[in-house]
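In order, the protein sequence lines correspond to chains Z and A.
Counted the way the numbering used here counts, the first sequence spans residues 1 to 423.
Counted the way the numbering used here counts, the second sequence spans residues 1001 to 1103.
Hint data in this document are derived by calculation from the structure and do not stem from the laboratory.
Quick look at which bits of chain A chain Z covers, simulated, 3 or more residues with Cβ under 8 angstroms:
id, stretch
1, 1032 to 1038
2, 1042 to 1050
3, 1075 to 1082
From the three backbone atoms N, C-alpha and C, an ideal C-beta is built for every residue, glycine too.
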Amino acid sequence: MAQLSRRKLLATASLAASTLAAPRIARGAAPRVVVVGGGFGGATAAKYLKLADRNLAVTLIERDARFVTCPFSNYVLGGFRRMEQLTQSYDALGKRHGVSVLRGEATGIDTARKRVTIAGGRQLSYDRLIVSPGVDMNFSAVPGYDAKAAERVPHAWKVGAQTLLLRRQLEAMKDGGTFILCAPANPFRCPPGPYERVSLIAWYLKNRKPKSKILLLDAKDNFSKQGLFQAAWESEYPGMITWIAGKDGGVVERVDARAMSVKAGFGEEKGDVINFIPPQSAGRIARDAGLADERGWCPIDPMSFASTRVKEVYVIGDAAIAGAMPKSGSSANAQAKLAAAAIVASLANKAPDVPALLNICYSLVTPEYGISVTDVYRATPQGITPTPNAGGVSPALASAADRKLEAEYTQAWYRAITADGWG
Amino acid sequence: MTNQSTGAALCALMLLGADLASGTAQAQTAQAMAQNCFVCHGPGAKGALAIVALAGRPKELIAQQMLAFKADQRQGTIMNRIAKGYGDEQIAAIAEFVAKLPK
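Let the sequences and hints guide you as you build the complete structure.
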């Protein structure tokens, strides 16, 4: 009886919410778009929503006062960038673009009533919602690796205290020590990231602790920009880096943070510094709201990045299942623009444009040696695929001048993409 | 999939169908494509450090350079790979849009 009336109450409330929302816009009130998460996806989406339609009421909910980018955090580990140089302010989004930046942690989404709850209890109603929560580390996937273990064996796959911890450990490591990095299976945030990290830690060690070794245990049999990275390791850091593919025993079965060792098919390996990058999933708020599938990632309609599971909610960035697009800041930037345009079209009852999606990821193997991967994508309702005979990685045989130029463009890309999102 | 998103997908499919049938990519708006340039060329294509500004430059010049990258007549670092992802008419549309952006 109690259950029945509760269900009836919920149904009535849900009906009330949906019938009230439509007339609200019809009366001429500004449509409310809420964006959860102020990273590459969320910040860019909030800005482009306002650029497309100044009259939209756009609220960006972000937990932190400032955003520190994961891209370029490997340069902090290499010792040639400081965290402050990776820090983005939300001031311009508010002052220049008229986005309401609401500092707080979104704790839940009531998709029936179209409301987001913020820590402390405040609720925000939306007509359209963009969820851009990034990833969570999965602390139960590999025995021995949980949040506690991460205090000794950092993942440093979210920038911040973890990045600084790993940097301090590398600084404290003796010359002749062993650094172990464990890379996860696909899919995960920033596919070339573990290999750029190994490269730049090798650069630091080569200059400061040249007797040291690096062991890269990989759950995969191949990786992003593999040929380019391996050729650069040969030429720049000969004999320093050993990569063990998954098929050769690279899959880590257990982490022992006390003993500072990892057990892989390859054997039990002790490290002076260990960086374990665990499997990941869409940020918790997306999973809690029912936006994720059983694999922990969010299926979307490739034409708009609208969730296929919940109406009037869009998921962008690392949390989304975006076909061939990698989980990268650049993918999130393109997806943000697409979702913003799709929302503006949807609020005007117009068909969305045909999507234009692009990704560009630069990696450094030394501060003056850059490589890139890019693709121009084709989106259909069936999926997102790279355009044939286009895109791909930097040429295998490029001059030192071209590698240096790509390192310069890496810096320029960072300046451009952060200005595009937060400027 | 909900009815609504099926509807949206069908609409998009029809647009895409028209696009493929005519052999052009006119349905894909110039703005959507051009905005992706900003990720390296800076917001509004105003340039970023070593990467050139494109905003307000002649559309013929932008299109000509893109076509030269596409045909490997001009050697760049990443632009050859990117330009090959677009049809000639898409390149013309991007160039026209970017040329109209304020310098």
